[in-house]
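S.K.: So the sequence lines, in the order shown, correspond to chains R, V and B. If you're matching positions, the first sequence starts at 11 in this note's numbering and goes up one per residue. If you're matching positions, the second sequence starts at 10 in this note's numbering and goes up one per residue. If you're matching positions, the third sequence starts at 205 in this note's numbering and goes up one per residue.
The hints are simulated quantities; they were obtained by calculation from the structure and are not laboratory data. A few of these clues could be false.
Some chain V residues close to chain B (C-beta under 10 Å, calculated; not the full set) [unchecked claim]:
#1 Leu41
#2 Cys139
#3 Thr179
#4 Phe208
#5 Asn254
Some chain V residues close to chain B (C-beta under 10 Å, calculated; not the full set) [stated by the list, open to error]:
#6 Tyr40
#7 Phe143
#8 Val169
#9 Thr250
#10 Thr280
#11 Leu281
#12 Val283
Just so it is clear, the structure is predicted and the values come from calculations on it, not from any experiment. Where a beta carbon is used, it is the ideal one built from N, C-alpha and C, also for glycine.
If you want the building blocks of each chain, they are given just below.
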Amino acid sequence: MGFLDITNVTKSYGAVKVLHETDISVEEGEFLVLVGPSGCGKSTLLNMIAGLEDITSGEIAIKGRSMNGVRPADRNIAMVFQSYALYPNMNVGQNIVFGLEMHGVPKPERDKAMNEVAELLQIQHLLDRKPGQLSGGQRQRVAMGRALVRNPDVFLFDEPLSNLDAKLRVDMRTEIKKLHQRLKTTIVYVTHDQIEALTLSTRIAVMYGGHVQQLGTPKEVYDNPANMFVAGFMGSPSMNLFPARIAVENGRAVAVAQLADGSDVSLPFPEARGFERHDGREIVLGLRPEAITDRDGADRNSGAVHVVEAHVEITEPAGSDTFVGTQLGGKPVTGRFRADVEVHAGQSFPFAINMEKAVAFDPKTEERVS
Amino acid sequence: MSSNASATVVRTGAGSRFVIYTLLILFCLYYLLPLYVMVVNSLKPLSEIQAGGMMALPDEWTLAPWASAWSTAQIGVEATGLRPFFVNSIVMVVPAVAISTVLGALNGYVLTKWRFRGDTIIFGLLLFGCFIPFQMVLIPMARMLGIVGLAGTVPGLIFVHLVYGIGFSTLYFRNYYQQFPTELVRAAMIDGAGFFTIFRRIMLPSSGPIAVVCVIWQFTNIWNDFLFGASFSDFDSQPMTVALNNLVQSSTGVKEYNVHFAGAIMAALPTLLVYIVAGRYFVRGLMAGSVKG
Amino acid sequence: MSQGAQGRRGGNDWLREALPKIVLSPSLAMVLIFVYGFIIFTFYLSFTDSRILPSYELVGWENYSKLFRIRAWDTAVSNLVIFGGLYIVICCALGLALAILLDQKIRAEGFIRTIYLYPMALSFIVTGTAWKWFLDPGIGLQAVVRSWGWESFTFDWIKDGDMAIYTIVIAAVWQTSGFVMAMFLAGLRGIDNEVLKAAQIDGASNVALYRRIVIPQLRPAFMSAFVVLAHMAIKSYDLIIALTGGGPGTATELPATFMYSYTFTRNQMGIGAASATIMLMAIAAIMVPYIYSELREKK
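Generate coordinates for the entire structure from the input sequences, incorporating the hints supplied.
M.R.: Structure (structure tokens):
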């Protein structure tokens, strides 16, 4: 039994099931990120943990105590909202301690807690201001202060950074991560941004269509996506997915894919992956852009780099890297080259493909083949 | 209409601008004409009006018509002037407006932030109640007021206006609270605030603008009502509009047009004043009430 | 969806969960009884032989068939068609024209708007009184123009049985057109200026701009204006009482005044109830689809 247990939980609105049977167990101090496109059920799940929405079936328990039927106020949770949800008529200080006031904490203690939190977040100078006078980043801090001051069992974050501009978002992301490392709190965090999910979490639940597609550490989810949805959703630019066929050449499994000129290329899998038993099977091959590089940029520690001469269709310099587009299996494929490689559209150029990082999916079920 | 929305980008030449301004000013005159007629004729002796001088400024300025309309004019059978009826209207309007606004605010809060199955139907029922022809309720309401002993009394009128005012005040607050972020209410719930605490501490402090709109709307409607006043009041509980109509329509004696005009201005003054002082909200309220269902 | 808190189970929780409904219930009860209950009661009365007092003796459709044979009801209905039609058309035309004019970056726009709108704040009794004497041939406009030297000038519609209904239109338009102007102005302000800029670059003249691009986009404002005006026309009562008292004769009777006089002065309550029912049907035919569509959109 974990610290926060979600057991067989579902949610339906009338006949529409928006969340299918879901089981997640969160340990104390864990940072769980629920990530997925809008409408995947992640916010619904968060609201059910908060008690803002009913559970249709199943059970949510915190510290072993069932939360079914318990009011949000009595769950010892705190939540940071997307819009920050600061009370516009109260100043920052009043906003922060409103929850304590509602729980009957006497004023001297409230003030003490408020000052501690304000110091922690460096917002002491803002305490007398109204939310309307604050910048987006400041509001974000106040919203976090309001959550922190309650010292809850679980923190819930509902897309807290999506209203900030790009630069501030990165800064606040770092700050939330530092805060978590310092306070060792248990956090459930909802976002649609896969980079946020990868950077912040200790574990990620990738959600889609009301199902948890994969639950794992960021590395597991990134390197070994459970299916094509997770593969395409996590990572940017997203994983290249193209049709190929498994063949066995000289006793070793290879993926055979078609180049732009119609000729076939054989990409040998590393040994010990056991793909030999899939001889002749049609697959969708998944390769991250960083596994397709120029020859000198290839991973020296990989034992399965294979160089393919291919036609360059487009180059997109992105400062630190240059993204180079070609075609494999009739699909556009993007590789990540070092920025100073001289490569031009229209050329034929050697691409170094790191097959150690390759994953294979079944074209029909879209599940991973292993 | 929001004052920050900008005028059109259509460009017009100098010639057409001249035409536009001329037309706009002509229409100003059109809308102001009856007010002008009322004001100047309330300040002149009857003889000047009878001599065909309705459009002219008074030769002899006098406040006598005002004094007469206020305290001595014949209303029905008694020469009381309009004063007691002005008082009736005030006594009627204040509680009716206050109670219907408070109920409307609570209803709007429930209908937007504590939604439940069937709430839209309930709101639809309240809303349609605003628009029914009140002829449809006159007969049973007269019966009911008679049975409970409120017929012909000011409290009876207060009750009637309250009942038929709730729909509009609920409409205003519902539309306003619909724009109010639900996340704030959720945050307050997690903070441990209950139903009334959220209303008092979170919703009400932000409800100033809509409260003003609702109060102005209800005040105007109830003050200006004639049908209920005519149907459910006795002589000594008549509101201002009914008394004014009695004054103007009385068939006995010489028609004192100047007194009628002075009385009409008295009946118009409270709402006009409210409109001029808080006109911008008033317009916004009219828009919200009718454009948005 | 703004689903609220979900406390339940146990006595206290039951109260907490029911509280919103408890708060709403007095208003709902009042509306159910005093609007819908009363509507049913009046509807029932329209099938009884009620005279000076309600009676519960059913007489079937007799009141309705009597009603349609009464000349005054005929007059009231055809007056409503004339009055309602002109009132709606003129208010919309004038309101739209004024809104377009006022939208041309006018100096003192706020001030002019206030002038156009203030009649809305007045009681129809005040409006009626002002126009009654202004239109009175003995002392009003006709007398004034004659005193200026145009001896043959005649404007006595208010005393003319055929023309009196038009004086109601004049006064009603005066009172409401500014409000319709405000509705259209709000609609104009809601139109995306970039679309207008694009049309200007495409070479549209100002007339074409309004006719082809702006006015078609005002459809919702037209709808709202129509609904508001139509429902006001059907309910018109105060203005007629103050301006003409329904006369001369019955020349300016409308259904609302007809209902009142048959019910309360002629003691024909059954017929009065029947006429009120017909008014309700007319308004419901306009309001119910409107309210339904508004509530659906908002879901």
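S.K.: So which of those numbered hints doesn't the model satisfy?
M.R.: none
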